[in-house]
Amino acid sequence: MSVLILLIAFSILIAGGFLFAFIWSVKKGQYDDDYTPSVRMLFDDNPTDSTASSLTPKQK
Amino acid sequence: MQQLERFQYDNKIVRNFAYATIIWGIVGMLVGLWVALQLVFPKELNLQPLFSFGRIRPLHTNAVIFAFVGNGIFMGYYYSLQRLLKTRMASDLLSKIHFWGWQLIIVAAAVTLPLGITTSKEYAELEWPIDIAITIIWVVFGWNMFATILKRRERHLYVAIWFYIATFVTVAVLHIVNSFELPVSLTKSYSWYAGVQDALVQWWYGHNAVAFFLTTPYLGLMYYFMPKAANRPVYSYKLSIIHFWALIFIYIWAGPHHLLYSALPNWAQSLGVVFSFTLIFPSWGGMINGLLTLRGAWDRVREDVILKFMVVAVTAYGMATFEGPMLSLKTINAISHFTDWTIAHVHVGGLGWNGMLTFGILYWLIPRIFKTDLYSKRLANVHFWIATLGILFYAIPMYWAGFTQASMWKQFNESGNLAYPQFVETVTYLRPFYAVRSLGGLLFVFGALLMMYNLLKTVARGKLVANEDAEAPALEKIYHTHKGEHWHRWIERRPVRFLIVTLVVILIGGIVELVPTFLVKSNVPTIASVKPYTPLELQGRDLYIREGCYTCHSQMIRPFRSETERYGEYSKAGEFVYDHPFQWGSKRTGPDLAREGAGNNRKNNLWHFNHLDDPQVVTPGSVMPSYSFMIDKKLDTSTTAAKIRAMQKLGVPYEKGYDQLANKDLVKQAKTIAEDLAASEVNVPSDREIIAIIAYLQRLGTDIEKSKTAQTKN
Chain A
1 MSVLILLIAF SILIAGGFLF AFIWSVKKGQ YDDDYTPSVR MLFDDNPTDS TASSLTPKQK
Chain B
1 MQQLERFQYD NKIVRNFAYA TIIWGIVGML VGLWVALQLV FPKELNLQPL FSFGRIRPLH
61 TNAVIFAFVG NGIFMGYYYS LQRLLKTRMA SDLLSKIHFW GWQLIIVAAA VTLPLGITTS
121 KEYAELEWPI DIAITIIWVV FGWNMFATIL KRRERHLYVA IWFYIATFVT VAVLHIVNSF
181 ELPVSLTKSY SWYAGVQDAL VQWWYGHNAV AFFLTTPYLG LMYYFMPKAA NRPVYSYKLS
241 IIHFWALIFI YIWAGPHHLL YSALPNWAQS LGVVFSFTLI FPSWGGMING LLTLRGAWDR
301 VREDVILKFM VVAVTAYGMA TFEGPMLSLK TINAISHFTD WTIAHVHVGG LGWNGMLTFG
361 ILYWLIPRIF KTDLYSKRLA NVHFWIATLG ILFYAIPMYW AGFTQASMWK QFNESGNLAY
421 PQFVETVTYL RPFYAVRSLG GLLFVFGALL MMYNLLKTVA RGKLVANEDA EAPALEKIYH
481 THKGEHWHRW IERRPVRFLI VTLVVILIGG IVELVPTFLV KSNVPTIASV KPYTPLELQG
541 RDLYIREGCY TCHSQMIRPF RSETERYGEY SKAGEFVYDH PFQWGSKRTG PDLAREGAGN
601 NRKNNLWHFN HLDDPQVVTP GSVMPSYSFM IDKKLDTSTT AAKIRAMQKL GVPYEKGYDQ
661 LANKDLVKQA KTIAEDLAAS EVNVPSDREI IAIIAYLQRL GTDIEKSKTA QTKN
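Those sequence lines, one after another, are chains A and B.
Just so we're aligned, residue 1 is where the first sequence starts under the numbering used here, counting upward by one.
Just so we're aligned, residue 1 is where the second sequence starts under the numbering used here, counting upward by one.
Hints were generated in silico from the structure; no laboratory data involved.
Note that the coordinates shown come from a computational prediction; the quantities given were computed from them, not determined experimentally.
Heads up, none of these hints are tricks.
Here are some, though not all, of the chain B residues that point toward chain A, as calculated from beta-carbon distances under 7 Å:
| # | residue |
| --- | --- |
| 1 | His156 |
| 2 | Tyr237 |
| 3 | Glu471 |
Ideal Cβ positions, reconstructed from N, Cα and C, are used throughout, including at glycine.
When you get a sec, could you build the whole thing from the sequences and use the hints?
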C-alpha cells in the first residue's frame, strides 16, 4: 500500500505544478485568436472547383 | 497557398451509431416506463425473478446512460471529429471494433442484469468480465481518437474536441478505480473497498459518470451541432475555453454530495458541498454560451424544430445545473435525499438535456448523411411538443412527490411522535404521483417512436453517402509561434500533452478526496462489537445484492430525530468495515434497513417469511415485489468457501481455514431459522434461499446493539 501513497504524493506534486502553470498563464496570457475557430467550424469542406467559393458558408 | 488534399469522411460509422442510439434509446426508455409502472401495479408487473424492480431498474439506468447516451456521444463524436480535424478517422477497423464491441457490451448488460449478476454499485453494476471488456473497448475508442487527432489537417483543436478528450481520460480513470473488485467466480466479485471507502469511491465515480458521460461529451456535441444547426458561431469562444477548464477541474471534487449526513467524515462532506456549489459557475457558463449563440436568431427557433429541441435541451441543462448545486447544500439535501426529488432532478437532466439534444442532433444529422430532407417537419414538431410535455408530466409529479415524501417522513405530531409512523403510509400517498409520472414517461417514449418512424422514412427516401468527399489543405509541417500568442494555443497544438494535463487536473481532485480516507484510520472508528457476517448471512447478503434491494432500501440512518425515531440509532462508519460492497443505497422507496434486525424494528422470522412471500398481504399498500421464488430455490452453498477466502483476502478477519468449516456453520444457522419457522407452522427446508436472506435481514444493525448492552453492563 505504501507504494500507492508514494505514487499519489508524486502525482499531487506534478499536478500542483501544472495547476500553478495553469493559473500563472491565465493571468499572463492573452488570446491571440479567440474568434476565428468558432467561425471556421461552420464551413464545410466539400470539394469545389474554385477555392474562392468555399469561403462562404453553405446556406441551407 | 498549400496544396489541397482530397479525402473522404466515414459516414457509415456515424449512421451505425445513430441507429444504435435510436434503438437502445427506445429500449432503455421502455424499460424505464416498465419500472415506473411497477410502482403503480407491483403485483402485475413484477415478473419474478428475472424482471422484478430491483433487477431491471439498473437495466434501465445502464441502458439509457451507456446505450442511449453512450451511442449518442459516439454518433456525434464520429461525425464532428472528422470534420473538425479535416481528416477521416485514423482507422476504420478500430471504428468498427468500437461500434460492435460497445453493442456487445450492451447486450451482455441486458442479459446479465435480469439474471441478477450485479456488483450493486450504481451505474457500475456490470460484473468484472464486462468491466474488462468496457476498458478494452474504451481504449480502442481513445486510441482511434488520438490517432485521428495526430493526423489532422487543422492545427487548432476546436473546443468540442477538448470536451471529448476530457471525457475519454476521466471516464477511463473513473471506471478503472471504481471497478477494483476481487472475482469470486465468473459472475461474482467483491468490491475491493469496504463500507465508507467503498461509498466514497462509488459516488466519486457515480457523480462523475453524470459529469463526464452525460455532461462533458454532450457539451462538446452542443458546441458543434448547435452552431452548425443555427449556422452562426458560438457566442463566446473565450468563455468556452474558460468554462471547460473550470468545469473539469471542479467536477471531479463533487462526489461526496451524494453522501451528506452519512457516515462519511464530515470534512469530506463539506469539501463536496463547496465544490458542488461552485459548479454552478462553469455549468452556467456553458448554458449561457449555448443560449446566447442564438442571439438575434430567436425568430428561427420558432420555425426550426431542430433548434427548438436544442433550446429546450440547453435550458434543461441550465435548470439541472442550478438545481444540482442547490441540492448539494446540506439544508436542502436533508429534505431531498432518498426521495423522488432526486429522481425528478436526474430526469430533467436525462430527458431534457441528453434526450432533447440527442433528438435534435439526430434530426439534423440523418438527413445530411443521407443527402435528403427530413421526411416530415410536422411530425418532428409533434415529437417536440410531446417530448416537452412528457418531461413536464414526469418532473412535476416527481418534485411534488419528493417534497411530500420528505415532509411526511419528518412530520411530528403534537405529542412529539412521528405523524406517519408506518412507512407504507407515505408509499400509498405517492402512488397517484407515480401514475402521472408514468404518463410522462409514456409520452416521452411515444415521441421517440414518432422520431424513429420519421427518420426511417427519411432514410428510405435518401441514400447513405458512406464516404463523403472533402478537401482541405495539408497541415503545415513547421509551426511558427508568434509573439503575443496565447498560452492556450500551446496546449491546443499538442494533443498528447493536453491529454496529460487533463489527466493530472482531474486526478488532483480524486486523490485529495480519496487518499485521506484510506490513510487516516481515525476516519473509520472501529467498533469492537462489529463482527464479520456468518457464512449464511454473507450468502444472504449476496442475495440482497442480486435482487437489487438497494434500489429501494437504504442502509444509512442519518442523524436526524425523524430518522432515529423511525429507524433507531444513526449509522456509524465503523459498522460498515466488512461491507464489500457497501449497501447504503440512494433512494427510499421502502424504509431504511440499516437496523432491520435490531431494536424496535426487529420482526420475527415468520414476519420476514410472509413478507418476502407476499408483501401486500403483510403490508397492504406496499409496492414491493414478491420474492416467493426464494422459498423454492435452493441456496448455492458451493460458493461459500470461495467467498470466505475472497473476504479474507480483502481483510475480513475470518479465522485461517474457516473457508472449509463455513458451510457447517451455515447449515447449523439455517436449521435454527427453519426450526423457528416450523414452530410457527411454516415448513420450509433449511437449504432454501429465503432462509439465507432472512438471516441477513435479522443481522442488520445488531452489532451496535451488542456494544450498547456491553456498555450498560460495564
